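Note that the protein sequences, when read in sequence, are chains Y and H.
If you want our numbering, it's the position in the first sequence, counting the first as 1, plus 79.
If you want our numbering, it's the position in the second sequence, counting the first as 1, plus 944.
If you're looking for bench data, these hints aren't it; they were derived computationally from the structure.
Given the structure is predicted, the values throughout are model-derived calculations rather than measurements.
In this text, a Cβ means the ideal position worked out from N, Cα and C, and glycines have one as well.
Hints may contain errors.
Computed list of lysine-lysine pairs in DSSO-like fashion (alpha-carbon distance at most 30 Å, straight line) [unchecked claim]: (1) H:1050 to H:1014; (2) H:995 to Y:144; (3) H:995 to H:1050; (4) H:1014 to Y:86; (5) H:1014 to H:995; (6) Y:86 to H:1047; (7) Y:86 to Y:144; (8) H:995 to H:1047; (9) H:1047 to H:1014.
Just a sample of chain Y residues kept apart from chain H, beta carbon distances all over 10 Å, derived [what the hints assert, rightly or not]: (10) 83; (11) 92; (12) 130; (13) 175; (14) 183; (15) 194.
Next come the chains, spelled out residue by residue.
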Amino acid sequence: SAVISQKPSRDICQRGTSLTIQCQVDSQVTMMFWYRQQPGQSLTLIATANQGSEATYESGFVIDKFPISRPNLTFSTLTVSNMSPEDSSIYLCSVVGQGARTYEQYFGPGTRLTVT
Amino acid sequence: GQQLNQSPQSMFIQEGEDVSMNCTSSSIFNTWLWYKQDPGEGPVLLIALYKAGELTSNGRLTAQFGITRKDSFLNISASIPSDVGIYFCAGSIAGSYQLTFGKGTKLSVIP
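Looking at chain Y on its own, in the form it has when it is part of the complex (with noise of 0.2 Å):
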């Protein structure tokens, strides 16, 4: 399976700031996913990220809120953006596998994000 790396690991911010998480893959994968995972909770999608358009949101998730870049087929961003302290969770990437793996994802080891 691909390796995916996430940068930061973790952060602590200040209301009303905003901050970039990156995601990179060691291969060329069809498709990525941003995820939250509030305090003891589950996984949320928050979106798909597309390679060259448009990022996919899911309901109660918003571009202003969390832009999404994906430049090319290693890499994505995601903005949490004018951040409060409900913003505070885990931050995932996922890509699907590839072949017959296609219905797997496989995640990235998450960026911990406090809020104060």
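Based on the hints, put chain H in the right spot on chain Y.
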């Protein structure tokens, strides 16, 4: 949207015991996945299931895709301390790459 009910929410077991957890859905899923998440890390894929009735093993782990396509089970045999973590089920419907996750089962193993 789809919802997954995962149970139990948490388990405390003695080392060496077997563990069983399950997920049920109100919708039919075409794919069931089981993940384990350790503290401070991303979820790691344990087992993927693609066919109703399929039974798949990965070491001491065995998972089954329910015959109704609305449930899945994960069993861990002879638990060891490193099995501690949160186990998530996830499913996707036909033709979709999007996953719906269960709320997780937190496993604690008492040495």
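Results for each hint:
Among the hinted pairs, residue 1050 (chain H) with residue 1014 (chain H) is consistent with the structure: their alpha-carbon atoms are about 22 Å apart, no more than 30 Å. A C-alpha spacing of about 39 Å is found between residue 995 (chain H) and residue 144 (chain Y), which places the hinted pair above 30 Å, so the restraint is violated. Annotation: proposed proximity of residue 995 (chain H) to residue 1050 (chain H) holds, straight-line Cα distance about 27 Å (limit 30 Å). For the hint pairing residue 1014 (chain H) with residue 86 (chain Y), the CA-to-CA distance comes to about 37 Å; that exceeds 30 Å, so the pair is violated.
Between residue 1014 (chain H) and residue 995 (chain H), the direct Cα distance comes to roughly 12 Å. Compliance with the 30 Å bound is thereby established for this hinted pair. A hinted pair counts as satisfied when its Cα atoms are at most 30 Å apart, and residue 86 (chain Y) with residue 1047 (chain H) qualifies at roughly 26 Å. Between residue 86 (chain Y) and residue 144 (chain Y) the alpha-carbon distance is near 19 Å, which keeps this suggested pair within the 30 Å criterion. Taken as a hint, the residue 995 (chain H) and residue 1047 (chain H) pair is honoured in the structure, with Cα atoms around 23 Å apart against an allowance of 30 Å.
The hinted pair formed by residue 1047 (chain H) and residue 1014 (chain H) meets the criterion: a straight-line CA distance of about 16 Å does not exceed 30 Å. The Cβ of residue 83 (chain Y) sits about 8 Å from the closest Cβ of chain H, inside the 10 Å cut-off, so the non-interface label is violated. Non-interface status of residue 92 (chain Y) relative to chain H is upheld: no Cβ of that chain comes within 10 Å, the nearest being about 18 Å off. Every CB of chain H lies more than 10 Å from the CB of residue 130 (chain Y), the least distance being 14 Å, so the non-interface label holds.
Not every C-beta of chain H lies more than 10 Å from that of residue 175 (chain Y), the closest at about 6 Å, which undercuts listing it as non-interface. Not every CB of chain H lies more than 10 Å from the CB of residue 183 (chain Y), the least distance being 5 Å, so the non-interface label is violated. Even its closest Cβ contact with chain H, about 18 Å, leaves residue 194 (chain Y) beyond 10 Å, as expected for a residue assigned away from the interface.
Consistency note: the structure conflicts with the earlier hints numbered 2, 4, 10, 13, 14.
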